[in-house]
Amino acid sequence: MNCSIAKSLDQVGDAWTLLIVRECTMGKTRFDEFQHGLGIARNILTNRLNQLVADGILETFPAPDRVNTNGYRLTRKGEELYPVLVALMQWGDRWRTAHGKPLLTLADKRTGQAVQPVDIRSADGALLSYRDIRLLPGPGATDSTLAVIDSRNQRVLGEE
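Residue numbers are given in the working numbering: position 102 of the sequence shown equals residue 102, and the series is strictly consecutive.
No wet-lab data here; the hints were simulated from the structure. Quick reminder that beta carbons are idealized off the backbone N, C-alpha and C, glycines included. Do not rely on the hints blindly, as some may be mistaken.
Beta-carbon label-pair distances, calculated as ranges [stated by the list, open to error]: (1) MET26 x ILE5: 21 to 29 Å; (2) LYS77 x LYS109: 22 to 30 Å; (3) THR105 x ILE149: 36 to 44 Å; (4) VAL67 x ALA141: 50 to 58 Å.
Use the sequences and the hints to build the structure in full.
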């Protein structure tokens, strides 16, 4: 599929994959920590860790507390998934927890203030929904991309 969302899901669409990335953002680095925290089968965890390393989302490093053992940590590519995790968490807090009550609060370590929700804003700061967004072709657009853009803008924005 010629779609950035589909291509991204090809790498991180499996639930275990994003949960491993979440565990990394919680400071976990070792195989046994991932397995214990997630309750995931060893063979599945091994497969996901190897794939995350191959995809450049995680990297291995020598574990300082264990001989001949590697730890895992996020690469820059992996760290850039953090807003995706936060957006999923915030959506889950609103729609999947009892009475919309968050299980935890994310706070800026400098100020102690809760972070703002992940959202989409215009250049002047106005909150936008998908109904307020016009798709435009990017530098990698193909003829099929142009057709998708035209169809979407017609259907969602009522443009001819």
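Status of each hint after checking the structure:
1. MET26 x ILE5: 21 to 29 Å: 26 Å, holds
2. LYS77 x LYS109: 22 to 30 Å: Roughly 23 Å apart at Cβ, these two residues keep to the hinted range, so it holds.
3. THR105 x ILE149: 36 to 44 Å: Cβ of THR105 to Cβ of ILE149: about 38 Å, so the range 36 to 44 Å holds.
4. VAL67 x ALA141: 50 to 58 Å: At 52 Å between Cβs, range holds.
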